[in-house]
Amino acid sequence: MPLISLGVVTIVLAVLPKMGGPRVLPLYLFHFFVFLAMANMWNLLAGYSGLLALCPAAFIGLAAYTMTILTWVDVPFYVGIIAGGAAAALFAAIISPSVFRMKGVYFAIGTLVVPEILRLVFLRWRPVGGELHGGGAGYMVKGMAGVTMEHTYWLGLAIGVASVIVVGIILRSKLGLGLAAIRDNDATAASSGIDVFRLKLYSFVIAAFIMGAAGAIFYSYQGYIEPSAGFHIKWLMTALLATVIGGKGIEGGPLVGTIIVVILHFQLARYGELSLLIQGIILVIIMLAAPQGIMGLARDLRNGGGFRALLGSASQGRIKPRQI
Amino acid sequence: MSEEVLLRVSNIDVFYGGAQALWDVSLEVRRGEIVALAGSNGAGKSTLLKTVSGVIHPAKGSVEFAGMNITKLNAYDIVAQGISQVPEGRRLFPEMTVFQNLAIGSYNGKARAKREENLTRVYELFPVLKERKDQLAKTLSGGEQQMVAIGRGLMSNPRLILIDEMSLGLSPLIVCDLFRVLHAIRARGITVLLVEQNVWQSLHEADRAYIIETGRIVLSGNALELCEEEEVREAYFGV
Amino acid sequence: METLADLASPIAIGVLLGGLYVVIALGLSLVFGVMKVINVAHGDLVILGSYFAYVTSTSWGLDPILSMVVGIPLFFVMGIFIEKFLLHRAFRMSADAALIVAFGISLIIQNGAQLVWTPLSRGLMTSYTLESLKIGDVYLPVVYLVDFAMALVVVLAVHQFLKRTYLGQAITAASQDSETAQLMGINPARVYQIAFGIAMALAAIAGVSLALTFPFTPKSGVPFLIIAFGVIILGGLGSMVGTFIGGMIFGLSQTLGGHFLGPTGQLLVPFVMVLVVLTIRPQGLFGR
Chain A
1 MPLISLGVVT IVLAVLPKMG GPRVLPLYLF HFFVFLAMAN MWNLLAGYSG LLALCPAAFI
61 GLAAYTMTIL TWVDVPFYVG IIAGGAAAAL FAAIISPSVF RMKGVYFAIG TLVVPEILRL
121 VFLRWRPVGG ELHGGGAGYM VKGMAGVTME HTYWLGLAIG VASVIVVGII LRSKLGLGLA
181 AIRDNDATAA SSGIDVFRLK LYSFVIAAFI MGAAGAIFYS YQGYIEPSAG FHIKWLMTAL
241 LATVIGGKGI EGGPLVGTII VVILHFQLAR YGELSLLIQG IILVIIMLAA PQGIMGLARD
301 LRNGGGFRAL LGSASQGRIK PRQI
Chain B
325 MSEEVLLRVS NIDVFYGGAQ ALWDVSLEVR RGEIVALAGS NGAGKSTLLK TVSGVIHPAK
385 GSVEFAGMNI TKLNAYDIVA QGISQVPEGR RLFPEMTVFQ NLAIGSYNGK ARAKREENLT
445 RVYELFPVLK ERKDQLAKTL SGGEQQMVAI GRGLMSNPRL ILIDEMSLGL SPLIVCDLFR
505 VLHAIRARGI TVLLVEQNVW QSLHEADRAY IIETGRIVLS GNALELCEEE EVREAYFGV
Chain C
564 METLADLASP IAIGVLLGGL YVVIALGLSL VFGVMKVINV AHGDLVILGS YFAYVTSTSW
624 GLDPILSMVV GIPLFFVMGI FIEKFLLHRA FRMSADAALI VAFGISLIIQ NGAQLVWTPL
684 SRGLMTSYTL ESLKIGDVYL PVVYLVDFAM ALVVVLAVHQ FLKRTYLGQA ITAASQDSET
744 AQLMGINPAR VYQIAFGIAM ALAAIAGVSL ALTFPFTPKS GVPFLIIAFG VIILGGLGSM
804 VGTFIGGMIF GLSQTLGGHF LGPTGQLLVP FVMVLVVLTI RPQGLFGR
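Same order as they appear, the protein sequences are chains A, B and C.
Per this note's numbering, the very first residue in the first sequence carries number 1; after that it's consecutive.
Per this note's numbering, the very first residue in the second sequence carries number 325; after that it's consecutive.
Per this note's numbering, the very first residue in the third sequence carries number 564; after that it's consecutive.
Just so you know, these hints were derived from the structure itself, not from any lab.
A few of these clues could be false.
Claimed, not checked - Counterexamples of contact, computed for chain C against chain A with all Cβ distances above 10 Å:
id, residue
1, Leu570
2, Leu629
3, Leu637
4, Thr692
5, Leu703
6, Tyr729
7, Pro751
Unchecked claim - Using 30 Å as the maximum straight-line C-alpha spacing, the simulated DSBU-like pairs for lysine-lysine come out as follows:
id, chain 1, residue 1, chain 2, residue 2
8, B, Lys434, B, Lys396
9, B, Lys396, C, Lys599
10, C, Lys726, B, Lys438
11, B, Lys462, A, Lys103
12, C, Lys647, B, Lys434
13, A, Lys103, C, Lys647
14, A, Lys234, C, Lys782
15, C, Lys647, C, Lys599
16, C, Lys647, B, Lys396
17, C, Lys599, B, Lys462
Stated by the list, open to error - Derived coverage of chain B by chain C (criterion: at least 3 residues anywhere in the stretch with Cβ under 8 Å from a Cβ of chain C; other residues may be distant):
id, segment
18, 403 to 414
19, 417 to 431
Quantities reported herein were computed from a predicted structural model and do not represent experimental measurements.
The beta carbon of each residue, even a glycine, is placed where N, CA and C say it ideally should be.
The whole structure should be built from the sequences, with the hints applied where relevant.
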């Protein structure tokens with residue numbers, strides 16, 4: 001997205017809450033910004049770095065907990081947000097030597113386990129505060145008096161825009177080139193002199209920071225964090241679905257996908273568990289029928305020309321199966 | 325040796341890995357023959373063999389076996405028709421024993437009934453395999469692996485056996501033994517199409533030969549006569 | 564300080580529990596070995612098996628083990644359908660696509676089950692559910708012995724099938740070299756279907772085992788997936804003995820973890836172990 005239009009859109013969005021209009025709009029947009037940040041980062045990992053990371057919930061929960069716990073020791077929540085992102089990034093850095101040794105599907109399962117472990121840890125571990133009345137393992141976010149919906153909205157806007165800018169910068173940098181090489185083939189990239197580990201590390205850590213910060217912002221709005229929410233698989237699902245629907249490995253993909261996911265989220269919210277069920281069905285259908293996503297289809301239309309190419313290309317998402 | 329044409333490849337164009345590998349290639353193999361397909365590395369010999377066995381499909385042209393058009397058939401269906409391929413590099417199932425490798429060779433329906441009979445014959449051809457029958461394939465020497473590969477190919481009860489680069493990486497002594505085996509196979513009524521980088525030896529052992537260069541057949545005819553051809557001697561024998 | 568005698572019970576149960584994990588891991592291992600894809604929905608399919616046993620038990624009063632007579636063929640056919648129409652298409656695109664589709668299936672099963680059967684925890688009660696065998700000072704719950712016995716039978720059956728039947732050998736060959744397997748006359752697509760069908764049948768059996776032993780909820784699948792994965796990594800692909808030992812090690816890690824660290828430890832210790840094993844030795848101790 002050209003920088004100028006991005007700037008204009010940002011300003012428009014920033015002014016939006018002040019302009020009146022439907023009260024739900026800021027709420028929808030807030031969710032949009034947060035989910036966009038998640039999707040952009042997941043796309044960075046899975047679409048560009050070849051890291052099918054199933055652990056977004058780990059970063060989100062960890063960051064949200066960090067922020068919340070810091071508010072219990074009188075650290076302002078917005079500082080906590082940065083600290084949360086940093087904590088997630090640090091965590092990513094710490095586990096990376098271990099998880100990067102796992103290739104392909106091992107990496108997927110390895111990253112699946114991580115949020116589960118954290119969830120179990122936080123079920124038990126209560127660094128501040130005492131036992132809650134009636135058990136439970138959650139914390140309220142403190143120091144939120146005087147914080148309005150507008151404030152959280154702007155924080156959301158900030159992280160959403162940040163995610164777009166960060167991805168844009170990375171893709172146009174040397175890091176981006178290196179990642180493109182890695183995505184296609186680790187071994188070949190390594191033999192061309194690319195420090196595969198270091199590039200993956202940068203991606204992983206950056207993604208962790210932004211996902212974490214976005215998660216912390218979300219939970220500052222929620223006002224309450226608990227293990228089953230912060231480390232819930234639905235975070236992965238949101239990022240995954242948005243990226244796949246929009247187009248994995250395409251810069252504009254997450255944006256398009258997130259729009260749809262947010263609409264889905266609010267339409268299905270009243271159905272509770274049915275929501276995840278439907279998302280699962282949509283995911284399977286999209287992966288089988290149009291794995292390149294909406295932006296991918298658009299691209300194929302432009303390149304191949306016409307509807308016939310479109311119908312053909314849907315069954316041609318033929319990438320060489322990765323060697324394990 | 326009869327005049328009956330068992331395999332007829334007609335004017336095939338084949339693409340492999342995105343690039344064209346064969347241009348307008350035709351060849352014939354008659355029943356009871358040993359035919360060699362010779363040429364240097366990368367000439368397209370293996371591609372041709374894989375097209376016959378159905379692993380690859382030609383973009384143009386046809387492959388006929390015993391009068392039946394097998395161009396569009398999948399590899400696993402072609403085996404049932406009576407063509408068996410001994411792949412380049414042996415490609416044994418590494419974690420299976422010699423016996424298991426041979427046994428799986430008779431997987432296709434028609435061969436199953438004859439398994440014991442064919443197994444006995446393979447052990448006659450290669451006595452050392454009988455000794456090593458419970459050994460894991462990956463622990464065998466190169467020559468022994470080639471024997472298993474050929475034996476496995478025979479287990480499917482083929483009428484035509486395709487052998488891809490039999491001599492690769494093996495000592496001349498072993499290669500001589502293997503060529504002797506080819507004659508024994510032919511004596512049992514099985515037709516052989518052989519692909520070889522070792523042009524000299526294959527021309528001396530085969531009945532007829534085709535020389536292939538950069539995806540095109542450049543020479544064909546009686547093997548011994550080809551040996552005498554000026555071009556062949558210059559190109560392959562360094563004379 | 565704990566004495567060895569106090570540990571005798573968790574150790575014995577941990578070993579027996581390994582049997583249950585072996586059956587769960589076997590299905591996962593079969594699919595992984597043949598198609599090189601981890602079916603992340605496997606744990607949920609096992610739970611589906613548990614719900615099937617639950618339904619037949621409560622609605623028809625069938626003994627769960629007898630319900631397998633219906634369950635096994637049913638799940639086998641389901642497996643063939645899932646592979647043929649869903650996984651195969653995804654798998655031809657890329658391994659990542661297959662993983663994502665399996666993930667989608669996992670969510671569908673989990674949340675579908677939650678809609679039908681509520682998040683309430685379920686379990687199976689039979690005449691022997693509450694009985695224990697007393698050996699020395701140790702009480703061995705009968706269900707665990709039943710699980711272990713079933714595991715032995717299943718592993719033996721699968722092992723013999725793979726070794727002695729043409730189809731079993733075809734599956735083995737295709738998992739080692741699928742292109743050459745075609746040259747033997749083996750149709751890889753059919754092999755994948757059958758392998759997945761068998762894996763689902765194993766999931767049905769495991770589901771019954773599980774339902775007899777633990778209470779379960781729609782979300783119970785993921786921990787079992789993770790542990791099963793740990794078992795096959797530890798035990799190594801293609802090694803029955805290795806898988807058995809891996810199963811027992813994880814069973815022990817669960818019971819001892821629970822013994823020393825409380826209920827959280829029951830999952831925490833095995834999970835951490837999975838991470839450690841994945842880091843150190845993805846190819847396993849016994850496998851190739």
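Results for each hint:
| no. | hint | verdict |
| --- | --- | --- |
| 1 | Leu570 | holds, 22 Å |
| 2 | Leu629 | holds, 31 Å |
| 3 | Leu637 | holds, 21 Å |
| 4 | Thr692 | holds, 27 Å |
| 5 | Leu703 | holds, 28 Å |
| 6 | Tyr729 | holds, 27 Å |
| 7 | Pro751 | holds, 13 Å |
| 8 | Lys434/B / Lys396/B | holds, 21 Å |
| 9 | Lys396/B / Lys599/C | holds, 28 Å |
| 10 | Lys726/C / Lys438/B | holds, 20 Å |
| 11 | Lys462/B / Lys103/A | holds, 25 Å |
| 12 | Lys647/C / Lys434/B | holds, 27 Å |
| 13 | Lys103/A / Lys647/C | holds, 27 Å |
| 14 | Lys234/A / Lys782/C | holds, 13 Å |
| 15 | Lys647/C / Lys599/C | holds, 16 Å |
| 16 | Lys647/C / Lys396/B | holds, 22 Å |
| 17 | Lys599/C / Lys462/B | holds, 21 Å |
| 18 | 403 to 414 | holds (count 5) |
| 19 | 417 to 431 | holds (count 9) |
When each numbered hint is compared with the structure, no violation occurs for any of them.
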